[in-house]
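Engineer: Heads up: the sequence lines are chains Z and A, in that order.
Heads up, the first sequence is in the working numbering, so the first residue is 126 and it goes up one at a time.
Heads up, the second sequence is in the working numbering, so the first residue is 292 and it goes up one at a time.
Everything labelled a hint here was simulated from the structure, so no lab data went into it.
Check each hint, because a few of them may be wrong.
Listed next, the stretches of chain Z that the computed footprint assigns to chain A, with coverage defined by at least 3 CB atoms under 8 Å from CB atoms of chain A [stated by the list, open to error]:
#	region
1	163-173
2	355-362
Beta-carbon label-pair distances, calculated as ranges [unchecked claim]:
#	chain 1	residue 1	chain 2	residue 2	range
3	Z	306	A	327	32 to 42 Å
4	A	298	Z	393	16 to 26 Å
5	A	321	Z	432	21 to 31 Å
6	A	321	Z	259	37 to 47 Å
7	Z	205	A	363	41 to 51 Å
8	Z	431	A	369	24 to 34 Å
9	Z	201	A	321	33 to 43 Å
10	Z	360	A	330	11 to 21 Å
By construction, the Cβ of each residue, glycine as well, lies at the ideal position given by its N, Cα and C atoms.
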Amino acid sequence: MSSVTRVVVVGAGIIGASCAYYAARSGLDVTVIDRGGVAGGTTGAGEGNLLVSDKGPGPELELALRSLDLWVELGAELGTASFELEHKGGLVVASSDAAMTALQEFAATQHDAGVACENVSPRELAELEPWIAEDVAGGVLYPADAQVQPGLAAARLLEAAVALGADLRLGEECVALRTAGGSVQAVITRSGVIETGFVVNAGGPWAGALADLWDLPLPIHPRRGFVLVTEPLPPVIRHKVYSADYVANVTSGSEELETSTVVEGTPSGTVLIGASRERVGFSDEWDPGVVQRLAERAVALFPPLARVGLMRTYHGFRPYCPDHLPVVGLDSRMQGVLHASGHEGAGIVLAPATGELVTQLITDEQPAGYAGALSPDRLTLVAS
Amino acid sequence: MSTFEFDGNEVPFREGQTVAGALIAAGRRTWRTTPRGGRSRGVFCGIGVCFDCLIEADGVSNQRACLLVATESLVVRTQAGVGRP
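Work out the full structure, taking the sequences as your base and the hints as a guide.
Structural biologist: Structure follows, in C-alpha cells:
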C-alpha cells in the first residue's frame, strides 16, 4: 500500500480541474480522466460568471464568498491574464419601482451576510453604463462580481495540477467502479483499471448518469441555456449587467422556458447575451424563439445593441439539482466516493471552494462550515 | 476591369467577386489586426462562419470580406482591433 493517497477525478471541466488542483497541492496522487477534452461540456459553454450578487444568504453564498477569495488567490498564483480574470463588478438593474424595492430588500439581506453592494440611481446608472436604457428604475452595484474565461481557467488549473504531479488522461471514459466491502477499489475505464481509494464525480450535468453507472443515484439533471455572441466592439458594456428577474429564474424549478437578461463584454470585444433556462434534456436543437427573445430583451436594456450584429449562438447544459444547492461531499453509501456537481449556472464561481472542500474531506481535515448543507446525504436530496 | 478602393489603393475585381477574393487575387493576404495582440488576420473559413476576415467597408466595421461583394464605389479599409459601434 502506497503511503500517498490516490484520487481519481472524473471530469475535466472547471469543477474537476479545481478538485485536481487543490488535491494535488495538498500532496495527493491525482489522476483526472475525461471521456472528452478539457472544458468540453458545460464549462466550455458558459459565460464565466463569478457572481455573488445573485445568491441570497445561505450555504451557496458562503461557498461563493469563499470561492471569490480563492479566485483572487488563483489570479495571483497563476496569472490573471492567463484566464482573463476581470474584477469588473456586477450591476443588477430593475425595470420598475416595484422591482427596485424588491431588489433593494434582497440586497439588504445579502449585505447583512457580508456581500458588498450599493444602491445606484438612474443617473448614476447612466454614468456606469452609457448604453443603458433611459427607463431603467435603478440598480444595485456589486463590486465583488467578476468574470473569467472558463475554458482557459479550467486548462490553467489542470496545467498547474499536472505541474504538481497530477496525471491528466483525456479521451478516457469511466465505465464502472470496482468495489469491495462497501469501499471503492478501482475506476474501470475503456482502456484499463486505475486502482484508487477515492473517486470524485465531477461530471457536471452528466454526474447523474455517472452516479447511476456506479449504482449510487443522484438527482442531477441538465438545464439548457443559450448564449448569444455579438460582433467585436470596443468596451461599451463595462460591468456584468443583468435584470433583477434573473435571480427569480435561477431559483425557480420550472421546466418551462424562462429568460432573463444578462449582458457582458469580454476582453476580445464580443458581447455575451444570456440567459435562458429550460428543462429539455440534452437537446441540441437550435431554438430561434429563445434566441430572438434573448436578443429583444438585451436590446430593451441596451438600445444601441440594435445596431450590432450577432456572430453566433451557443448552448450548454447546467447541472441542475432540484433543491438548488450544489452536491459536494462524501457519499455515505460507498466509502471513497465523492460527488462535486449540481452547481447549476454557478459552477465557475463555486469551483475553487468546491475543490478545496473535496480535498478537505479526502484528507480528513476539518471541513468548511457549509460542508453539511452541501452533503449528498442531505434530506432534501434523498426526498427528491 | 472595375476597381474598388482599399486603404487608398485601387484593387481590381471581376463582376460578382467578393472583397476577400479580389484582395487575395491582388496578392493581399491580411486586412485586419487583432484587438489585443495586433496580429494580422485575413480569410480563415471563407464562408461567413468564423468572422476572422472582418474589414471596414464604407465606414462600417466588422463586415465579412468573404461575403461582401465588391462594387465600383466601395471604399474598404484595414480594420485595427475591434470595430466601431
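Engineer: Give a verdict on every hint.
Structural biologist: Comparing the hints with the structure gives:
| no. | hint | in the structure |
| --- | --- | --- |
| 1 | 163-173 | violated (count 0) |
| 2 | 355-362 | holds (count 5) |
| 3 | Z:306 - A:327: 32 to 42 Å | violated (56 Å) |
| 4 | A:298 - Z:393: 16 to 26 Å | holds (24 Å) |
| 5 | A:321 - Z:432: 21 to 31 Å | holds (27 Å) |
| 6 | A:321 - Z:259: 37 to 47 Å | holds (41 Å) |
| 7 | Z:205 - A:363: 41 to 51 Å | holds (49 Å) |
| 8 | Z:431 - A:369: 24 to 34 Å | holds (27 Å) |
| 9 | Z:201 - A:321: 33 to 43 Å | holds (37 Å) |
| 10 | Z:360 - A:330: 11 to 21 Å | holds (20 Å) |
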